[in-house]
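Student: Listed below, chain by chain, are the residues.
4 protein chains.
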Amino acid sequence: ENAHQLQSQKDTVTQKLQETETRNAELEAQLVELEQRLESSQVEQEAFRKSLRSLLQLLDGKIFELTELRDSLAKLIEGGGS
Amino acid sequence: ENAHQLQSQKDTVTQKLQETETRNAELEAQLVELEQRLESSQVEQEAFRKSLRSLLQLLDGKIFELTELRDSLAKLIEGGGS
Amino acid sequence: ENAHQLQSQKDTVTQKLQETETRNAELEAQLVELEQRLESSQVEQEAFRKSLRSLLQLLDGKIFELTELRDSLAKLIEGGGS
Amino acid sequence: ENAHQLQSQKDTVTQKLQETETRNAELEAQLVELEQRLESSQVEQEAFRKSLRSLLQLLDGKIFELTELRDSLAKLIEGGGS
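Just so you know, the sequences run in chain order V, G, R and C. Mapping of the first sequence onto our numbering: position 73 corresponds to residue 124, and the numbering continues sequentially without gaps. Mapping of the second sequence onto our numbering: position 44 corresponds to residue 95, and the numbering continues sequentially without gaps. Mapping of the third sequence onto our numbering: position 48 corresponds to residue 99, and the numbering continues sequentially without gaps. Mapping of the fourth sequence onto our numbering: position 77 corresponds to residue 128, and the numbering continues sequentially without gaps.
None of these hints come from the bench; they were simulated from the model. Any given hint might turn out to be false.
Copies of one chain are not kept apart here, so a pair can be met inside one copy or by any two copies together.
[As the list claims (entries may be wrong)] Think about it this way: if two alpha-carbon atoms lie no more than 25 Å apart in a straight line, the pair counts; the simulated DMTMM-like pairs of lysine to aspartate or glutamate are:
#1 K101 / E119
#2 K67 / E95
#3 K113 / E84
#4 K67 / E79
#5 K101 / D62
#6 K126 / E72
#7 K101 / E129
#8 K126 / E79
#9 K101 / E70
#10 K126 / D62
#11 K67 / E86
#12 K126 / E97
#13 K67 / E119
#14 K61 / D122
A quick note: this is a predicted structure, and the numbers were derived from the prediction, not measured.
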C-alpha cells in the first residue's frame, strides 16, 4: 500500500521535473537569442556611430573650406580695385 | 526494502526538481533584465535618432540660407556697378 | 600797305584764337563729364563693396551656425545611447 | 600811327592765342590721364568681378558638397541599425 503511494508520488515529481527541465531549456534558448540580439544591436550602433563620425569629419572639412572661401572674399573686398 | 528504495528515489527526484526550479527562477530573472536592457537601448536609440533628425533639419536650414546668400552674391556680381 | 598786311595777320590770329577757345571749351566740358563718370563709378564701387561686406558678415554668421551644429553633432555622437 | 596800333593789337591777340594753346595742351593731357584712370578702373573692376565669380563657383561647390553630406546623414538616420 505504502509502496504504491510512494511510486505514485515519485511519478508525479518526475513528471514535474521533466516539465521544468523543458521550460528550462526554452528559457535558455530565449536567453541566448536575446543576448545575440543585444550584441547585434550594439555592433550596429557602433557601426552607426562610426559612420556619423565620418560625416562629422566631412562636415569639419566643409566648414574649413567655407572659412577659407570667406577669407578669400574678405581679402578681395578690402584689396580689390578702387 | 522496496519502499525504502522508492523513498530514496523520490527524494533524489524532488531534490533535482528543486534545483531545476531555482535555476528556472534565475533564468526568468535574467530574461526580464535582458528584455529591459534591450527595450531601454531601443528607447535610447529612438531618442538618438530623433535628435539627429533635428540636426538634419537645422542643416537643411543652413544649406537653404547659404543658397540664398549665394544668389545674393550672384545678383550683386552681375548687376553691380560697372 | 604794311597796315593792310598787319590787319590781315591780326585777323588770322584772331580767327585761330576763336577756334582754340572753342576747342578749349569742348575739352573742359569733356573733362567735367569724365570727372563725373569717374566719381560716379567710385560711388558705385563703394556701394558694391559695402554690399559685399554685408554678404561677408552673413557668411560669417552661417559658418558660425554650421560650427554650432557640428558641435551638437559631436556631442550627440559621443554622448548618445550605447 | 595806325600800323603801330595794329601791331600792338596783333601782339596782344598772339599772346592770348599762345596762352590758350598752352591751356589747351594742359586740358588734353588731363583728359588723356583721366581716360587712362577710367579705363584702368574698369579693367580692375572686371578683374574684381571675375575673382568674385570664381568665389561664387567655389561657394556653389561647397553648397553641393554640404547637400551630399546632408543626404548621407538622412540615409544613415533612416536606415541605421535599430
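Student: Failing hints, ascending?
Tutor: 2, 3, 5, 6, 8, 9, 10, 11, 13, 14
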